[in-house]
Amino acid sequence: MNDYAIELSGVCKSYRYFDLQNIALRLQRGTIMGLIGPNGAGKSTTIRILMGLIYPDRGEVRVLGHHMPDEQIAAKWDIGFASDDMRLYDSMTLGWHINFMKSIYASWDDAYAQLLLKRFELRAEQKIKGLSHGQRVKASLLLVFARRPKLLVLDEPTTGLDPVARHEILRELTSVMAEEGRSILFSSHNTQDVEQISDQITFIDRGRIIDSMDKEIYLDRWRRLRLEVPAGIEAPALPGVIGIQQTGRLAVAIANAFEPQLPNAYENSGARVHAVENMTLEEIFIANVEHSRAEVNS
Amino acid sequence: MKTEVLLQLILKDFQLNSLLTIFTMAGAAIALAILSIGGETPVVLGTVFFFLAIIFGACLIPMQNIVNERKKQTLPFIMSLPVSSAQYGVAKFLSSVGMFLAMWLMLLGAALYMILARHVLPGGTIPMDLILMNFPLIGFCLTTGAALVGESEGWATAALAATNSSYGLAWYMLVRHAPSLTKTWAGPIAVWSPLVFRILGVEFTIILLTLGLTMYLQSRKRSFI
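Sequence order for the protein chains is S and R. Residues 1 to 298 in our numbering are what the first sequence spells out, letter by letter. Residues 1 to 225 in our numbering are what the second sequence spells out, letter by letter.
Treat the hints with care, since some could be wrong.
[To be verified] Here chain R is said to cover these stretches of chain S; the calculated rule only asks that three of the stretch's residues, wherever they fall, bring their Cβ under 8 Å from a Cβ of chain R:
id, region
1, 51-58
2, 85-91
3, 100-106
4, 279-287
[To be verified] Now the in silico label distances, taken between C-beta atoms and shown as ranges:
id, chain 1, residue 1, chain 2, residue 2, range
5, R, Leu211, S, His133, 35 to 43 Å
6, S, Gly248, R, Gly154, 53 to 61 Å
7, R, Lys221, S, Glu283, 37 to 45 Å
Derived from the structure by calculation, the hints contain no laboratory data. Keep in mind it's a predicted model, so treat the numbers as computed, not measured. Beta carbons are placed, not taken as given, at the ideal position from N, Cα and C, and that holds for glycine.
Work the whole structure out from these sequences, hints included.
Encoded structure:
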């Protein structure tokens, strides 16, 4: 069996005002990948390509060992997909949707669906049009989770949710992962959610993957150094440092390949290191996007 | 397995659109009841309402069943199921055509019953009735094709506007260029002349071409959502 739940290589798709360029992505089975990018970065296009809903112009896509889009039907039996632009039928009840899913999926877990109804405080007899946004998202995810899919592909599932609803959904996602071999691809522009549950992080911007790696390594490699430099001197960009912002004698250096000897190197160059700080995923994301855009523009 | 999912999708569409079908059938039933009263005014009113009910169904089934799926964003939910875009197209096509044809055939049967058994109209009107009942069927096929292939409310609305405004023109052309049709409709027996068969042939050719082209174009799509 292939070790990867998702494999994209050399995937390109051109639109009039947007190009998805040479996307390469691998999601190991049993892991959660957070796909982070600003609005319009290409997250949804990438996800739609891997779901077989859009044909790529070039490149290869394999999901759960199936070639997409040609084998999308076989693949989709084991994929649970939900996106923020997905709606259920307003005029029907949640119970009707549950019965509809049961009529299609032999793997439907009724006991788990009942449990999720209680946990998410939903009522099967309620019509979808009577549900709040948060309840609708939970209803959609219930329909996905109770199918017990091997791979969950979630495109911005927590967008527009209040903190409590977001917490409930993320907790449920974590518990879904307790089952061996499950994999999740989770796109968001909310870095907090991604940081909370992901094993791997992939940054995408302007149709290009700008970085993809293990979350812990990622957080470990990025640091912010607060420096004080002698008057009239510019803080140098030492190896591993991608950007420096200086105001007078105070400078902030952002390192994307931090090594323990970096503070010493700055001390040796005449600067005083006031602090070496960890960065949040959001700060890393912004710095990474800005660096990538500067590289492209230059 | 594939057929089962398709069947579930078709059944789902029938359930979702059951009210629309019931209302259309009820409207046509009321029209036939008016028609059965007899006399000039009820016959004219009943006939007008009868065709209005069919045209109502021909307009609303594609809009409700196909256009609304995109507009109300339920399409991603359906496409998350184990179906391809081509299969989705087939399911939508079969459910829309099935719903309309079921209604159309029942109404055709009811109209024939009213003519042959209840004698509310002379038997000579049957060929013309069939020709006229095919107008909304053609309109329905064109609107369904535009809604499925065009993927937008705009295309479907344009097709609706074009077909609805051409019913009057088609009626005028028939009366103007095929006067022999109207000569026999007051008679007690249906006259199936070669001209009637030619007109029906053209109508069914348009229907088959529209449906065939719709399925062909749908199967060649490379971007679905």
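Against the structure, the hints come out as follows:
1. 51-58: holds (count 5)
2. 85-91: With 7 residues in contact (Cβ-Cβ under 8 Å with chain R), the coverage given for the region 85-91 of chain S holds.
3. 100-106: Check passed, 3 qualifying residues.
4. 279-287: violated (count 0)
5. R:Leu211 with S:His133: 35 to 43 Å: holds (39 Å)
6. S:Gly248 with R:Gly154: 53 to 61 Å: The hint (53 to 61 Å, Cβ to Cβ) holds, given that Gly248 of chain S and Gly154 of chain R are roughly 59 Å apart.
7. R:Lys221 with S:Glu283: 37 to 45 Å: For Glu283 of chain S against Lys221 of chain R, whose Cβ atoms are near 42 Å apart, the range 37 to 45 Å holds.
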